[in-house]
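Those protein sequence lines, which keep their order, are chains D and P.
Taking numbering that gives the first Met the number 0 as reference, the numbering of the first sequence is continuous, increasing by one, and the terminal residue is 734.
Taking numbering that gives the first Met the number 0 as reference, the numbering of the second sequence is continuous, increasing by one, and the terminal residue is 157.
None of these hints come from the bench; they were simulated from the model.
It cannot be assumed that every hint is accurate.
[Stated by the list, open to error] So, partial list: chain D residues that the calculated Cβ filter (under 10 Å) puts toward chain P: (1) Arg499; (2) Ala581; (3) Arg593; (4) Glu594; (5) His606; (6) Glu607; (7) Leu610; (8) Ala613; (9) Asp614; (10) Tyr616; (11) Leu619; (12) Val713.
[Stated by the list, open to error] Cβ-to-Cβ under 7 Å is the rule here; a few derived chain P residues that face chain D: (13) Gly29; (14) Pro32; (15) Val33; (16) Cys35; (17) Pro37; (18) Leu38; (19) Leu44.
Quick reminder that beta carbons are idealized off the backbone N, C-alpha and C, glycines included.
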Amino acid sequence: MNPTSPAISSNVEGWSTVEAAFREPVESRLASGEHIVAWMISDIDEQRRYRKTLLVLSNQRFFSSTGDEVRDWPLADVDKLRTKDRGGLGTLELLGQDRRLGFWHYTIAQGPAALVVGDRFDDLKMGRVARKASDEDEAPESEEHEPPPNTMALFRLWQFARPHAFWMFIAFLLSLTATIAEVETAKMTKPLVNLLKDFEAGSVSSLSKATFYLGVMLAAAVAAWILGWAQGAILAWVSERVTADLRDRTYAHLQRLSLEYFGGKRTGDLMSRIGNDSDRLCQFLSDSIVDFTANCILLFVVAWALFQENVSLALVTLLPFPFIVWLMYFARDKLQVGFQAGSRAWAHMTSVLADTIPGIRVVKAFAQEDREIQRFRTANEAVVVANNRVNSLWTFFWPLITFLNSLGVFVVWACGVWLIGQKTPGFDVGTLTAFVWLSMKFYGKLEMMSRMVNASQRAATSAQRIFEILDRVSNVPEPARPVALDKLHGELEFRHVGFRYGNRKVIKDFSLKIKAGEMIGLVGHTGAGKSTLINLVCRFFDVAEGAILADGVDIRSYKVEQYRRNVGIVLQDPFLFYGTIAENIAYGRPDATREEIISAARAARAHEFILQLADGYDSLVGERGQSLSGGERQRISIARALLIDPRILILDEATSALDSTTERQIQEALQNLVRGRTTIAIAHRLSTLRQANRIMVIERGRLVEIGTHDELLVMDGAYAELHRAQQELTKDIGW
Amino acid sequence: MNAAFADLEFNKNEWGQLVLSAPDGSRYVGVEPVRCFPLSDPDRLIAILDSDGREIVNIPNMEVLNPVARDRLRQELIEREFVPVIQKIHSTSVANAPCVVDVVTDRGATRFHLESEDDIRRLGHDGVVIADSNGIRYLIRDINSLDSHSQRIIRRLF
Numbered sequence: 000m001n002p003t004s005p006a007i008s009s010n011v012e013g014w015s016t017v018e019a020a021f022r023e024p025v026e027s028r029l030a031s032g033e034h035i036v037a038w039m040i041s042d043i044d045e046q047r048r049y050r051k052t053l054l055v056l057s058n059q060r061f062f063s064s065t066g067d068e069v070r071d072w073p074l075a076d077v078d079k080l081r082t083k084d085r086g087g088l089g090t091l092e093l094l095g096q097d098r099r100l101g102f103w104h105y106t107i108a109q110g111p112a113a114l115v116v117g118d119r120f121d122d123l124k125m126g127r128v129a130r131k132a133s134d135e136d137e138a139p140e141s142e143e144h145e146p147p148p149n150t151m152a153l154f155r156l157w158q159f160a161r162p163h164a165f166w167m168f169i170a171f172l173l174s175l176t177a178t179i180a181e182v183e184t185a186k187m188t189k190p191l192v193n194l195l196k197d198f199e200a201g202s203v204s205s206l207s208k209a210t211f212y213l214g215v216m217l218a219a220a221v222a223a224w225i226l227g228w229a230q231g232a233i234l235a236w237v238s239e240r241v242t243a244d245l246r247d248r249t250y251a252h253l254q255r256l257s258l259e260y261f262g263g264k265r266t267g268d269l270m271s272r273i274g275n276d277s278d279r280l281c282q283f284l285s286d287s288i289v290d291f292t293a294n295c296i297l298l299f300v301v302a303w304a305l306f307q308e309n310v311s312l313a314l315v316t317l318l319p320f321p322f323i324v325w326l327m328y329f330a331r332d333k334l335q336v337g338f339q340a341g342s343r344a345w346a347h348m349t350s351v352l353a354d355t356i357p358g359i360r361v362v363k364a365f366a367q368e369d370r371e372i373q374r375f376r377t378a379n380e381a382v383v384v385a386n387n388r389v390n391s392l393w394t395f396f397w398p399l400i401t402f403l404n405s406l407g408v409f410v411v412w413a414c415g416v417w418l419i420g421q422k423t424p425g426f427d428v429g430t431l432t433a434f435v436w437l438s439m440k441f442y443g444k445l446e447m448m449s450r451m452v453n454a455s456q457r458a459a460t461s462a463q464r465i466f467e468i469l470d471r472v473s474n475v476p477e478p479a480r481p482v483a484l485d486k487l488h489g490e491l492e493f494r495h496v497g498f499r500y501g502n503r504k505v506i507k508d509f510s511l512k513i514k515a516g517e518m519i520g521l522v523g524h525t526g527a528g529k530s531t532l533i534n535l536v537c538r539f540f541d542v543a544e545g546a547i548l549a550d551g552v553d554i555r556s557y558k559v560e561q562y563r564r565n566v567g568i569v570l571q572d573p574f575l576f577y578g579t580i581a582e583n584i585a586y587g588r589p590d591a592t593r594e595e596i597i598s599a600a601r602a603a604r605a606h607e608f609i610l611q612l613a614d615g616y617d618s619l620v621g622e623r624g625q626s627l628s629g630g631e632r633q634r635i636s637i638a639r640a641l642l643i644d645p646r647i648l649i650l651d652e653a654t655s656a657l658d659s660t661t662e663r664q665i666q667e668a669l670q671n672l673v674r675g676r677t678t679i680a681i682a683h684r685l686s687t688l689r690q691a692n693r694i695m696v697i698e699r700g701r702l703v704e705i706g707t708h709d710e711l712l713v714m715d716g717a718y719a720e721l722h723r724a725q726q727e728l729t730k731d732i733g734w
Numbered sequence: 000m001n002a003a004f005a006d007l008e009f010n011k012n013e014w015g016q017l018v019l020s021a022p023d024g025s026r027y028v029g030v031e032p033v034r035c036f037p038l039s040d041p042d043r044l045i046a047i048l049d050s051d052g053r054e055i056v057n058i059p060n061m062e063v064l065n066p067v068a069r070d071r072l073r074q075e076l077i078e079r080e081f082v083p084v085i086q087k088i089h090s091t092s093v094a095n096a097p098c099v100v101d102v103v104t105d106r107g108a109t110r111f112h113l114e115s116e117d118d119i120r121r122l123g124h125d126g127v128v129i130a131d132s133n134g135i136r137y138l139i140r141d142i143n144s145l146d147s148h149s150q151r152i153i154r155r156l157f
């Protein structure tokens with residue numbers, strides 16, 4: 000596009016987005032045939048102050064541009080580009096043959112770009128043609144998720160209440176009718192009192208009229224009772240339903256979030272969100288919300304009635320009202336903060352429980368019961384402190400509001416007495432009685448509403464905590480246009496796969512083709528990236544660069560669920576759910592017949608030990624259930640993987656936690672499992688990889704060697720060294 | 000295959016051991032029949048184990064056996080198992096576990112100690128298995144078939 004520098008092809012991603020002041024001085028210096036390969040922004044300078052520098056790698060030179068000053072180094076003078084990071088601050092160093100040519104710092108956000116610059120530099124140095132952007136595997140388009148709306152959490156509850164809008168409206172009408180009935184009763188007092196005055200004066204004829212007024216008052220009370228009951232029943236039902244739906248939705252959403260989310264979350268916190276917070280919401284919905292709206296309307300109705308009776312007195316009556324509203328508003332903000340602290344403290348306390356109860360063996364083994372008791376006590380104390388703060392605030396506001404409410408009624412009395420004393424025309428005892436009654440209703444409702452401030456703030460906090468989960472978008476998105484998948488054939492291909500955790504690159508430019516049915520052993524030091532590679536194949540995470548292809552299609556193009564159904568995984572420490580052995584084996588295929596379960600167990604060498612248990616396949620395992628040994632659990636998990644008959648099988652150190660006799664049994668079981676399936680097996684003990692077609696050695700996220708056991712020994716590289724080390728170990732400790 | 004099952008023979012030797020004779024002439028002394036799904040599907044999938052606990056044969060259901068072998072096997076299973084079926088629950092010492100439960104079973108009246116409600120598990124929709132403090136299991140195939148007094152007690156327990 001740019002006529003002066005046709006070489007700056009737009010294939011360098013985002014180049015045109017760089018500020019012109021930085022970009023143009025570099026562009027103007029490019030020689031013919033020179034083009035930009037990669038760039039990044041260093042946002043912190045040598046003195047560790049915030050200042051931007053544009054760093055550019057071309058196929059001939061390395062540039063730095065601060066806008067005013069552009070420096071460049073021919074690549075021939077540069078020996079190495081080194082990136083390191085420490086405490087969140089990254090450093091890019093330009094190293095020459097005999098000295099450091101320059102260095103720049105950058106924050107985490109620039110980390111990925113820095114890694115790209117480093118990689119491209121290596122490509123250039125090695126004489127590899129830098130891959131152009133167009134060669135790279137484009138990630139298939141994923142489903143779009145709208146950004147979470149930023150409205151108040153409580154209003155967002157409406158989407159859950161909408162299906163029940165009809166019933167909520169009915170409840171609202173009932174509530175309104177009940178309150179109007181009350182107001183009408185109050186209005187009855189005026190003629191009634193005036194009648195009584197006549198009666199006192201000696202008029203007998205008015206007594207029959209009094210019976211009518213009394214009858215109306217009684218009927219209104221009965222109506223209010225029945226209406227209140229109906230409204231309560233409807234609301235209780237609706238709110239249970241709404242919160243149950245909310246819980247279901249939240250849990251379903253939670254299940255679909257990627258593993259990454261769970262890695263950073265405390266179990267107890269999640270449990271308290273789904274359990275506790277939704278319960279609070281339920282209470283709020285059933286007790287407060289419709290009442291609140293109905294009461295608002297009632298306030299208007301009563302105020303209207305007051306003004307109809309006497310305008311000036313009505314004004315005086317309503318004098319404390321704005322002040323009370325302001326006070327409620329003020330209290331609300333204060334309470335909000337307090338309730339949030341309370342919820343957090345509560346979640347922290349449940350976290351302590353969720354942490355120590357499953358870990359009770361460790362606690363006891365290290366005799367740390369007292370410390371855990373203390374830890375719980377501290378967390379519990381924090382709950383008390385947080386709640387006390389809210390309570391003291393509330394106990395201060397609450398009587399104050401009550402006082403102001405009674406003050407409102409008092410004002411009515413005082414004015415009324417004065418007005419009657421003045422013998423004001425059109426103002427008699429009957430009017431005063433009606434006024435007192437109405438203002439009592441008014442302030443009574445206001446008092447109820449101010450009590451709801453508490454409940455509504457608590458509920459708002461809870462709603463916020465629940466929506467926080469619902470707003471989270473899975474890092475493993477579903478494809479927008481999924482490729483239909485039933486059974487995979489089993490071919491796997493890694494194409495320039497890269498993955499990083501934050502700034503740390505765990506997998507670098509990893510490429511490999513695995514034939515269907517082939518077994519690949521995966522060897523490497525701890526932290527070399529083996530488990531990450533497997534997590535990528537399982538789609539627990541998605542690749543950052545490149546692509547993984549199954550049967551020639553990017554795995555991101557398949558529906559996550561359909562794809563995972565083709566992947567079986569046996570972990571080092573298998574997890575069994577609470578349930579029978581048969582249920583655990585059939586976990587991936589609940590419709591399996593009993594015969595299928597038995598034959599899977601037989602192939603996994605689990606059948607015979609299962610028959611030794613008192614209830615055979617009906618024995619309970621998992622939490623609260625029968626305790627099985629590590630080897631037994633492992634064989635059940637192998638049976639579980641066998642039953643779903645996966646085309647791709649992952650063994651993540653499946654035998655490393657076991658003794659050698661058990662290991663042999665498991666090896667037999669695994670042989671059955673591996674047959675005919677594409678298998679990737681991680682193992683520390685190389686002996687367990689005897690059946691592997693090829694073994695690959697990974698070091699720092701890169702594939703360093705691949706071949707059969709014998710080939711690798713002949714190569715005398717990393718694998719041969721590992722092999723020797725293990726053989727010596729075997730001699731020493733007789734493994 | 001079915002024919003092979005039909006030719007299996009079970010006998011008792013003078014030591015009281017169960018002996019399995021297969022049509023190919025092999026004999027196994029001291030075999031043990033084990034139900035694979037004793038609770039959820041007791042009458043199918045019965046494994047015959049040798050004295051070392053290895054499976055010799057798995058009988059898919061009783062019908063494939065010849066009538067003599069079927070009766071012998073059934074008898075043998077009954078002799079080996081002790082899972083009383085509860086017919087009536089008289090009372091519990093206190094309202095909730097832990098408590099002593101006074102029951103009438105198909106093997107006579109007894110009382111047992113129930114440690115916790117976790118020892119009661121549902122079996123299908125209406126069935127219940129109760130394990131007492133000694134690990135003996137008591138069975139109720141269908142709660143609804145009990146009298147109302149017993150039903151009230153069992154529903155209160157878990």
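Hint by hint, here is what the structure shows:
1. Annotation: interface hint on Arg499 (chain D) violated; nearest CB of chain P at approximately 46 Å, more than 10 Å.
2. For Ala581 (chain D), the interface hint holds, since its Cβ comes within 10 Å of a Cβ in chain P; the closest pair sits about 7 Å apart.
3. The interface hint given for Arg593 (chain D) holds, since its Cβ lies 6 Å from the closest Cβ of chain P, which is under the 10 Å cut-off.
4. Given hint, Glu594 (chain D) at the interface with chain P, holds; its Cβ is 7 Å from that chain's nearest Cβ, closer than 10 Å.
5. The closest approach between the C-beta of His606 (chain D) and any C-beta of chain P is roughly 6 Å, which is under the 10 Å cut-off, so the hint is satisfied.
6. Because the closest C-beta pair between Glu607 (chain D) and chain P is about 6 Å apart, less than 10 Å, the hint holds.
7. Restraint check, Leu610 (chain D) versus chain P: the minimum CB separation of about 5 Å is within 10 Å; hint holds.
8. Given hint, Ala613 (chain D) at the interface with chain P, holds; its Cβ is 7 Å from that chain's nearest Cβ, closer than 10 Å.
9. The beta carbon of Asp614 (chain D) comes within 6 Å of a beta carbon in chain P, closer than 10 Å, and the hint placing it at the interface holds.
10. Annotation: interface hint on Tyr616 (chain D) holds; nearest CB of chain P at approximately 5 Å, less than 10 Å.
11. Among the interface hints, the one on Leu619 (chain D) holds; its C-beta lies about 7 Å from the nearest C-beta in chain P, closer than the 10 Å criterion.
12. Proximity of Val713 (chain D) to chain P is violated relative to the hint, the smallest CB-CB distance being about 42 Å (cut-off 10 Å).
13. Against a cut-off of 7 Å between C-beta atoms, the interface hint on Gly29 (chain P) is violated, since the closest Cβ of chain D lies about 15 Å away.
14. Interface restraint check: Pro32 (chain P) against chain D, minimum CB-CB distance 10 Å, threshold 7 Å, status violated.
15. Of the supplied interface hints, the one on Val33 (chain P) holds, with its beta-carbon coming within about 5 Å of a beta-carbon of chain D, less than 7 Å.
16. The criterion of a C-beta within 7 Å of any C-beta in chain D is met by Cys35 (chain P), whose closest approach is roughly 5 Å, and the hint holds.
17. Because the smallest distance between the Cβ of Pro37 (chain P) and any Cβ of chain D comes to about 5 Å, under 7 Å, the interface hint for this residue holds.
18. Below 7 Å, beta-carbon pairs count as interface contacts, and Leu38 (chain P) has one with chain D at about 4 Å; its hint therefore holds.
19. At its closest, the beta carbon of Leu44 (chain P) sits 6 Å from a beta carbon of chain D; the interface hint therefore holds under the 7 Å criterion.
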